[in-house]
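Engineer: Spelled out, the chains give:
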Amino acid sequence: MLDDDIGVLEAIETALTYDGFVVKTLGRTYNIFKNIQDFNPDVIIVDLFLDGKNGAELCKEIKNNRETQHLPVIIISAYKTNIDLLRRVGCDHFIPKPFDLAELYQGISKVLRMNKLAID
Amino acid sequence: MEILLTPQILGMLIDQGYTYALARSELYTDDGFETIRLSPMKEKPQLPELPNGYQTFYKLTHEPLQMLSSGENTRLLVDMEPQIDLFSTDCDDRYFRYSEAFFEQVLESIQDYAVYTTTRNGEINSWNSGAEHLFNYAKYEILGLGCSILFTNEDKSNKLPQFLLETALQNGKVITEEFHCCKDGTLFWAKSIVFPLFDEQNRHQGFTHIIHNLEEKKKSQNNAIEAMSLASNIIETSKEPVVILNQNLSIKKANKSFYELFQLNEEESSEKNFYTLTPGLDQKHLEHLFNEILPQQHDCKNFELRYMSPSGKSRILVIHAKRAISALDNCIVDILSIEDITDERTLQQEKDDFISIATHELKTPITVIKASAQVLQRVNIEGASPMVKKYLQKIEEQAEKLIQLAALLLDVSHIRSDKLALNFEEFDLSELVAETVEDFRMLQKKHDIKIEELCACTVNADKVKITQVLTNLLSNAIKYSPETNSIIVRVFPDPISQTVTVSVQDFGIGIPFEEQNKIFKRFSRTNLVGEKNISGSGLGLYISAEIVRKHKGQIWFESEQNKGAKFFFSIPAK
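Just so you know, the protein sequences line up as chains A and B, in that order.
Count along the first sequence from 1, add 50, and you get the number used in the numbering used here.
Count along the second sequence from 1, add 344, and you get the number used in the numbering used here.
None of these hints come from the bench; they were simulated from the model.
Take these hints with a grain of salt, some might be off.
[Unchecked claim] Calculated lysine to any residue pairs in the SDA-like style (CA-CA distance at most 25 Å, straight line):
1) B:K707 to A:N114
2) B:K745 to A:G140
3) B:K807 to B:I832
4) B:K596 to B:R650
5) B:K734 to A:A152
6) B:K734 to A:D150
7) A:K130 to B:A765
8) B:K707 to A:E107
9) A:K130 to B:H704
10) A:K130 to B:Q748
11) B:K763 to A:R138
12) B:K733 to A:A152
13) B:K807 to A:K74
14) B:K707 to A:D150
15) A:K130 to B:I832
16) A:K130 to B:K807
17) B:K807 to A:E60
18) A:K130 to B:K596
19) B:K738 to A:L135
20) A:K103 to B:K707
21) A:K130 to B:D806
22) B:K733 to A:K130
23) A:K110 to A:G70
24) B:K583 to B:L630
25) B:K707 to A:K84
26) B:K707 to A:I56
27) B:K657 to B:L638
28) B:K483 to B:T379
29) A:K74 to B:V723
30) B:K707 to A:E60
31) A:K130 to B:P709
32) B:K500 to B:D528
33) B:K707 to A:D55
34) B:K807 to A:K103
35) B:K738 to A:F89
36) B:K823 to B:E782
[Stated by the list, open to error] Over the 10 Å line for every Cβ pair with chain A, so calculated as not near, a few chain B residues:
37) T690
38) E705
39) T711
40) V723
Glycine included, every Cβ here is placed at the ideal spot set by N, Cα and C.
Extracted from the complex, chain B is given alone in its bound form:
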């Protein structure tokens, strides 16, 4: 580290036992400055050869060096390689000198601010790396020059640099904002603090200058203002009510839709708390959002809330909220976007109710169809051709399919209105699986259903509904493997998660990759089933997934097109 050799530094070196200094001189013909670089040594250098390009050496005493540095255009720089015991307090004067070197090191570590010191006359005698970065002057270029070089020509002609030094000395400190000048002539706006430096005898030694570039901050502020303006326009054009709340929950900004939703007057609403402005909202729920969810997660989607409007109408609102920090004033804000889903929810409910009613109403005519077909089958109709009996059989089969479809639709309706009731009981899942597989073996002979793994495992579940899930998976395995005949079932426990898993594997048409993400959605059927002419409602897996979910279980699958599918479901084990 190189610093300008001051009397304090010289004294410090002498105290440390440095008695000589190697020297080399460098001339800069551009500005005519001569720089003498010194490297302190504790012993007399050995002649004739001096190391590192040094040309001569001097004894480290005040007189010769004062003589050397007396030239106007000469500056002495000393290489501070020697380590100094900064914490020695043998001599107060020495401690001051040591601390000066220490603070030199501290200043070097400050990268974001230019910090430099000057003599009483304003000549720069220290220059940190922050100053190098800001002004683009290297240390060796600037040391010894007057600090006025860092000001604009206009300020120089107005004698601003001298004025600042005089004012700092007079008042103890001066803080200003002005343009400063880089090496290449670029100007930048900066805040500067100048304060005088005194030694312990209270003798004025020089000045410290701290420069902070405000260009970046100004730019950031302008960007922030522009961003705020854009955000404001976006909020205003949004159809959904949007509000930005201050930390104290007063309104910072809201759009017209917000004021309309809550029937508020914009002017009267300023300074009022959000709770006060929206008494129709569930206050306890709101407190949960502002005091617990947002502080912890900073983000909240689909927060549903009931709202009773001043006119007495009940609405269902969904709030999407985010906690952020305002770039302009560094304050926490809560951004709320509110969606009124009342109409959507009502429509959905009406649809679900319609499906429920229609499905129920279907059951009566199906009863008649079924009963009639059964009666005719029993009655020995004279002269009835085999075709009559065949089609009577078909009528009954199709009636049965209608019954199953009606049952599925009703299940879907119950799921959507959250009315799927479960009757929990303890039973051995493996026994249930074995029974269900046996039933399927009796009903069809084409597919060979093997149980390859079975473990005794008690669960607490709705036996009927779990059977429904199993039946659905086995039916699908048979249905979607028309050209193969092997189906494998496994039941195995997971002691870590304390669950039991059932898997049903077929080797049929499989599920194409691009369609796998919708397999558990309502009415979902892959394109392959259409090609292969395989019938189905697309509801079975949706219902199975919901049943498993209601049991706090999981359902998933692995499949590849034309290689079959393996469906799994797991539920908690006792």
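So here's chain A without its partners, still in its complex pose:
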């Protein structure tokens, strides 16, 4: 999970870990592809507005990279966003902040399911 707000990272990490997910949190996009390579996530959750880089741009890079293009990306944001734009960059799901944990779990389930179907 990528978000420049440490409070969000800690809260979401605690919640997801409690439910059995293994979570790696990052506050910056620096060395993102190395981290992805090392951690090998099933889902990437990224905030739209990060320090330095826009979450949508990062999503596009992930989807354009052969090594990472298969990974589902969920974008979260406090700002109203153009959903079409997010789709164009390959975003698989958008969750507006603030959200219930239930909404987050639903989003994760959905993208994992869809990814599995795509692979199959």
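Assemble the complex: chain A is given as a structure, and chain B must be docked to it using the hints.
Structural biologist: Chain B alone, transformed into the frame defined by chain A:
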């Protein structure tokens, strides 16, 4: 109608078959005049009794009457009751006499001008009601008197009256302005026109005098000048730029602020057209104002215009304009008052931007609060007292309230910056109302929400936003009726206006009359809610009103304090 008996009038009466005239004599001992009043008759009067106080009668021929009227202090007046065929042209001479009576009637109808005629020697032989009004002499008092009575003593001693008659005869007309004298000695300034009267044989018969009182006009002009001076001072002291334009859009008058705003030189600006002087203004918009709005409405408020100053700065101007007629010269003028609202608009935009940014930024910490509370609620904390769980629940509830408030503030921000986007789709409004009511029934049991009227009605609207309006009205109905439990909802069409109306009625605290005019304003809450300790942001109705307005609909209410409120909104139906 009584007129002085002249030979022409006598001839006219004889032609009409009047052969006799009843007569009565009246003596005025004050001035020694004798007036003989004649009433023409077609038959010989029956003696011994004569009607209406008449003392004797005469045959209507020239000789006796000439004899009667030969006295210096005697005047003969004839009562022109007999109707004369004015349009008979059997005899040219008679037509002239008939037309004289006709014009007598015409003169009588002229109230604003004194019109009288005199003999060749200046004795007054006709006197219209305008003259009566102006000079205060009644007809019977003035007929037969010399017209010099209407002049000042000074003019009389200078022989002005005779001079005017001589000049009029010589030149065909004389126009002068001088003082005239009323019956009570009051003087007034007047314009007079004197011209000679000739019969068809071109014989000089007398003179016509037309007098126009200029006192009123002079007074009005003085008042107008004074008013102009006052207006000029007001304009000059005004901080806002003000300009008065002539009909050709050149500057008639402008204040210092105007010249400063447009960086103009007063002297160089005279005679130049407003368009030429203000090239930085949106010319097309200006043309719309001068050529369409002002000619039709004569008045225009809050006409917004962009202005690019010579230094390249963009300003937003608001013009309040009025088209009027100048009292002095009877010309059309356009009065423009200009307000520079650039700074105000910028400040407002900054405020709105701040609210938008701050509200967005709030969402992130709210996310953390909510997620943390939810995590803790799920984690089975050993030894955790019920109070812990209770307060965790409270944290989550308050976080939810913060979310709703943030959403409202964002809506307000979008409305104010005109960014409230709507997604239109067709749907059955009654179905939406039924669903929303059902949701509310599930959420709370205290209030019984009844749908008393429902009609299937398709609308083309933003379903989410209309739901927001409904939710707001239902929430308010529940919130503001804590001690009653009935809420009534109706959906009904109006075939005439082709709209569908939804009403939500509660029987709660109502809205006091003195606070009703601000109910749809931002942050508006009545004093009663404070007394009753009812929470709320004061934004719901403002947002609902804007949503309805954006749908080209209407929202209104009926309410009485302590008797509840009934809110309505209507939108166009398909």
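Engineer: Against each hint, give a clear statement of whether it holds in the structure.
Structural biologist: Okay, the hints, checked on the actual structure:
1. B:K707 to A:N114: Not satisfied, since the Cα-Cα distance of roughly 31 Å exceeds 25 Å.
2. B:K745 to A:G140: Distance ~33 Å between K745 (chain B) and G140 (chain A) Cα, so the pair is violated.
3. B:K807 to B:I832: holds (22 Å)
4. B:K596 to B:R650: The given pair, whose Cα atoms are some 24 Å apart, holds under the 25 Å limit.
5. B:K734 to A:A152: holds (20 Å)
6. B:K734 to A:D150: Holds - the C-alpha atoms of D150 (chain A) and K734 (chain B) are around 18 Å apart, at most 25 Å.
7. A:K130 to B:A765: Between K130 (chain A) and A765 (chain B) the Cα gap is close to 12 Å, so the pair holds against 25 Å.
8. B:K707 to A:E107: Distance ~22 Å between K707 (chain B) and E107 (chain A) Cα, so the pair holds.
9. A:K130 to B:H704: Judged against 25 Å, a Cα distance of about 9 Å means the pair holds.
10. A:K130 to B:Q748: Roughly 15 Å separates the two Cα atoms, so the pair holds.
11. B:K763 to A:R138: This hinted pair holds, its Cα atoms lying about 24 Å apart.
12. B:K733 to A:A152: Judged against 25 Å, a Cα distance of about 19 Å means the pair holds.
13. B:K807 to A:K74: violated (40 Å)
14. B:K707 to A:D150: Given that 25 Å is the threshold and the Cα spacing comes to 12 Å, the pair holds.
15. A:K130 to B:I832: violated (36 Å)
16. A:K130 to B:K807: At roughly 18 Å apart (the allowed maximum being 25 Å), K807 (chain B) and K130 (chain A) satisfy the hint.
17. B:K807 to A:E60: violated (37 Å)
18. A:K130 to B:K596: Roughly 53 Å between the alpha carbons, so the hint for K130 (chain A) and K596 (chain B) is violated.
19. B:K738 to A:L135: Given pair K738 (chain B), L135 (chain A) is violated - Cα atoms ~37 Å apart, limit 25 Å.
20. A:K103 to B:K707: holds (20 Å)
21. A:K130 to B:D806: holds (17 Å)
22. B:K733 to A:K130: Given that 25 Å is the threshold and the Cα spacing comes to 33 Å, the pair is violated.
23. A:K110 to A:G70: Roughly 29 Å between the alpha carbons, so the hint for K110 (chain A) and G70 (chain A) is violated.
24. B:K583 to B:L630: At roughly 22 Å apart (the allowed maximum being 25 Å), L630 (chain B) and K583 (chain B) satisfy the hint.
25. B:K707 to A:K84: Distance ~31 Å between K707 (chain B) and K84 (chain A) Cα, so the pair is violated.
26. B:K707 to A:I56: Holds, because 14 Å separates the two Cα atoms, which is no more than 25 Å.
27. B:K657 to B:L638: Status violated; Cα separation ~28 Å.
28. B:K483 to B:T379: Holds, because 12 Å separates the two Cα atoms, which is no more than 25 Å.
29. A:K74 to B:V723: Judged against 25 Å, a Cα distance of about 21 Å means the pair holds.
30. B:K707 to A:E60: Holds, at about 16 Å.
31. A:K130 to B:P709: holds (17 Å)
32. B:K500 to B:D528: holds (17 Å)
33. B:K707 to A:D55: holds (12 Å)
34. B:K807 to A:K103: violated (36 Å)
35. B:K738 to A:F89: Roughly 38 Å separates the two Cα atoms, so the pair is violated.
36. B:K823 to B:E782: holds (17 Å)
37. T690: holds (23 Å)
38. E705: violated (7 Å)
39. T711: Not fine: 4 Å to the nearest Cβ puts T711 (chain B) too close to chain A.
40. V723: violated (6 Å)
The structure fails hints 1, 2, 13, 15, 17, 18, 19, 22, 23, 25, 27, 34, 35, 38, 39 and 40 (numbered hints given earlier, in ascending order).
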